[in-house]
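A.B. asks: In order, the protein sequences belong to chains A and B.
278 is the number that the working numbering gives the last residue of the first sequence; the numbers go up by one with no jumps.
529 is the number that the working numbering gives the last residue of the second sequence; the numbers go up by one with no jumps.
Heads up, a few of these hints could be off.
[To be verified] Straight-line Cα separation of at most 20 Å, EDC-like style, residue types lysine to aspartate or glutamate; simulated pairs:
1. B/364 x B/395
2. A/182 x B/359
3. A/182 x B/460
4. A/182 x B/344
[Claimed, not checked] What follows is a list of derived Cβ distance ranges for each label pair:
5. B/410 x A/73: 52 to 62 Å
6. B/329 x A/171: 16 to 26 Å
7. B/462 x A/183: 28 to 38 Å
8. B/521 x A/269: 51 to 61 Å
9. A/170 x B/450: 20 to 30 Å
10. A/269 x B/410: 48 to 58 Å
11. A/23 x B/450: 52 to 62 Å
12. B/295 x A/172: 25 to 35 Å
13. B/363 x A/109: 17 to 27 Å
14. B/389 x A/252: 45 to 55 Å
In short, the hints are calculated from the structure, not lab data.
The beta-carbon is built from N, C-alpha and C at its ideal position, and this holds for glycine as well.
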Amino acid sequence: MKPFAETLGYVRYRKPLERNKMVQSKLAQWTRALWLPFGILAVWFIAADFALVPRALLPRPFDVVARIFALLANGELERHIFASGTRLLEGLLLGGLPAVVLGILVGMSRQLEDYVAPTLRFLTPVPVLAWMPLVILFLGVDEAAKVALLAIGVFFVMYSATAGAVRSVDIRYIEVTRLYRKGLKQTVSRVILPACTPAIFDGLRSAVALSWIILVAVEIVASRNGLGWLLWDARTFGRTVDAYVAMVVVGALGLISDSLIGCIRTRIVTWRNDFRGF
Amino acid sequence: MIVEEQFKKSGLKAHIAEKWWQGTDDRREIALRNVEFEVSAGTSLAIMGPSGVGKTTLLRVLAGLDRQFTGSVTVNGEPIEQPDGKVQVVFQDNRLFDWMTVRENVLFVWDTPSPKDRELADEWLVRFGLTNRLEAYPRDLSEGQKKRVALARALAQPPHILLLDEPLAGLDVQTAEKITADIQRVQKEYGLACVVTTHDVMETIALCQSVIFLGGSPASAYGLFEFGHINGNTEELAAAIKTIKARLGAR
Chain A
1 MKPFAETLGY
11 VRYRKPLERN
21 KMVQSKLAQW
31 TRALWLPFGI
41 LAVWFIAADF
51 ALVPRALLPR
61 PFDVVARIFA
71 LLANGELERH
81 IFASGTRLLE
91 GLLLGGLPAV
101 VLGILVGMSR
111 QLEDYVAPTL
121 RFLTPVPVLA
131 WMPLVILFLG
141 VDEAAKVALL
151 AIGVFFVMYS
161 ATAGAVRSVD
171 IRYIEVTRLY
181 RKGLKQTVSR
191 VILPACTPAI
201 FDGLRSAVAL
211 SWIILVAVEI
221 VASRNGLGWL
231 LWDARTFGRT
241 VDAYVAMVVV
251 GALGLISDSL
261 IGCIRTRIVT
271 WRNDFRGF
Chain B
279 MIVEEQFKKS
289 GLKAHIAEKW
299 WQGTDDRREI
309 ALRNVEFEVS
319 AGTSLAIMGP
329 SGVGKTTLLR
339 VLAGLDRQFT
349 GSVTVNGEPI
359 EQPDGKVQVV
369 FQDNRLFDWM
379 TVRENVLFVW
389 DTPSPKDREL
399 ADEWLVRFGL
409 TNRLEAYPRD
419 LSEGQKKRVA
429 LARALAQPPH
439 ILLLDEPLAG
449 LDVQTAEKIT
459 ADIQRVQKEY
469 GLACVVTTHD
479 VMETIALCQS
489 VIFLGGSPAS
499 AYGLFEFGHI
509 NGNTEELAAA
519 IKTIKARLGA
529 R
């Protein structure tokens with residue numbers, strides 16, 4: 001019997017492809033992905049080159065690319081990327097690890113949930129940037145404050161994702177662990193954790209996306225390096241090109257980090273039969 | 279053979295005076311009342327009744343998963359107060375872990391499987407014709423294969439009593455026949471006592487030697503009928519089917 005969706009006629013089930021066909025299909029996918037950026041680039045090019053928008057507001061794409069290379073050549077862009085990247089990773093580790101641990105604990109224990117969850121639910125909607133004055137008062141304007149703000153942002157996203165994931169583990173699986181007399185350690189490591197992995201990765205993805213947003217914001221406020229600083233410095237000195245450079249680089253790094261997490265997720269979560277779209 | 283020696287011949291005795299569901303407002307809703315039966319080693323009892331009558335609830339009580347009842351469930355005279363490995367269940371929905379391969383699902387029963395345990399797990403899987411599927415994930419298995427993995431998992435640490443919840447529901451005729459043969463063979467070879475819930479008359483006759491019925495509201499057990507082994511005797515078969523159908527509709 002044909003699968004239901006196929007009988008409707010709009011699904012082509014993908015058979016495993018030969019190697020060169022696979023390369024072709026990947027290339028086609030890339031081509032499709034590039035249409036929109038090239039379209040935007042074309043509009044930008046026309047608007048800038050024919051000076052439809054004042055040059056001071058909209059530099060030519062070529063100028064932006066040239067500036068990226070110039071900044072790469074003198075090592076300045078690398079310095080900013082390295083500074084921002086380090087902060088991002090530190091924030092992810094410092095916020096993410098405790099969040100996953102606490103999320104699992106709260107998910108496992110209703111008693112702990114009673115003690116902790118209401119407070120966390122109260123704090124979650126407080127915007128990360130609203131923490132900024134407080135954090136700066138306590139930690140100063142140095143690295144620590146920036147990393148702390150990132151960690152706070154990451155923490156709440158990852159905590160909610162993890163605790164929610166634990167609670168959505170099918171109760172029937174828990175019954176099986178009872179039947180086979182599994183202790184807490186076995187239940188967590190062999191059932192809860194693997195069952196939650198996809199959701200934790202989804203949480204991580206949101207957390208990284210949020211981190212880029214927070215990062216640029218905190219670097220604008222007080223910093224001597226980083227992509228946010230590059231952006232703000234450009235504003236201060238009216239270097240529009242640099243602002244575009246910062247945006248392009250943040251976008252590219254965001255895309256790369258997101259793809260990386262996606263890759264790791266598919267490597268680890270091989271057992272799911274997710275809907276991949278028609 | 280490793281498998282053989284570990285099975286113990288045991289019987290199960292159940293007397294459930296009342297099994298209730300605790301409502302949020304302190305009201306108890308009685309689900310089962312006066313359910314009493316006995317299964318001895320090497321025999322199988324079917325529990326028949328319409329969908330939703332409480333067959334699965336009863337199995338959960340027998341397995342020690344549900345303690346909200348008065349009465350007792352004993353295996354060889356010892357009460358089952360929580361899941362203790364003596365009573366094992368194959369659920370209707372199999373409940374295989376999606377993130378474990380076939381082999382890992384069976385190995386789950388041990389906390390840290392020894393080489394001997396691994397051998398035993400593979401032995402069961404090979405027996406059930408899953409030799410080529412050891413590294414497959416449940417999503418890639420047919421319903422019949424999933425059922426066999428669930429059986430292998432339940433038998434890997436030999437239980438005294440095996441509970442089968444609608445073991446053939448949703449399977450095509452040929453697969454159902456094969457699984458029936460698998461279960462029959464295990465029963466015969468190891469003298470395992472089984473309790474099988476079902477709403478299918480043929481399933482009852484193929485897998486069991488006696489049957490009780492659940493019916494009424496709250497559900498209670500009635501009409502114990504022992505028909506023994508019916509091996510191709512069409513007259514006996516017809517008579518048994520007739521009796522079962524008559525009793526099934528009695529309440």
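A.B. asks: Hint by hint, say whether it matches the structure.
C.D. replies: Each hint, compared with the structure:
1. B/364 x B/395: holds, 18 Å
2. A/182 x B/359: The hint holds at about 16 Å.
3. A/182 x B/460: Between residue 182 of chain A and residue 460 of chain B the Cα gap is close to 28 Å, so the pair fails against 20 Å, i.e. violated.
4. A/182 x B/344: Given that 20 Å is the threshold and the Cα spacing comes to 17 Å, the pair holds.
5. B/410 x A/73: 52 to 62 Å: holds, 58 Å
6. B/329 x A/171: 16 to 26 Å: holds, 21 Å
7. B/462 x A/183: 28 to 38 Å: holds, 35 Å
8. B/521 x A/269: 51 to 61 Å: Holds, at about 52 Å.
9. A/170 x B/450: 20 to 30 Å: holds, 26 Å
10. A/269 x B/410: 48 to 58 Å: violated, 24 Å
11. A/23 x B/450: 52 to 62 Å: violated, 41 Å
12. B/295 x A/172: 25 to 35 Å: At 27 Å between Cβs, range holds.
13. B/363 x A/109: 17 to 27 Å: About 26 Å separates the Cβ atoms of residue 363 of chain B and residue 109 of chain A, which means 17 to 27 Å holds.
14. B/389 x A/252: 45 to 55 Å: holds, 47 Å
Violated hints for the displayed structure, listed by number in ascending order: 3, 10 and 11.
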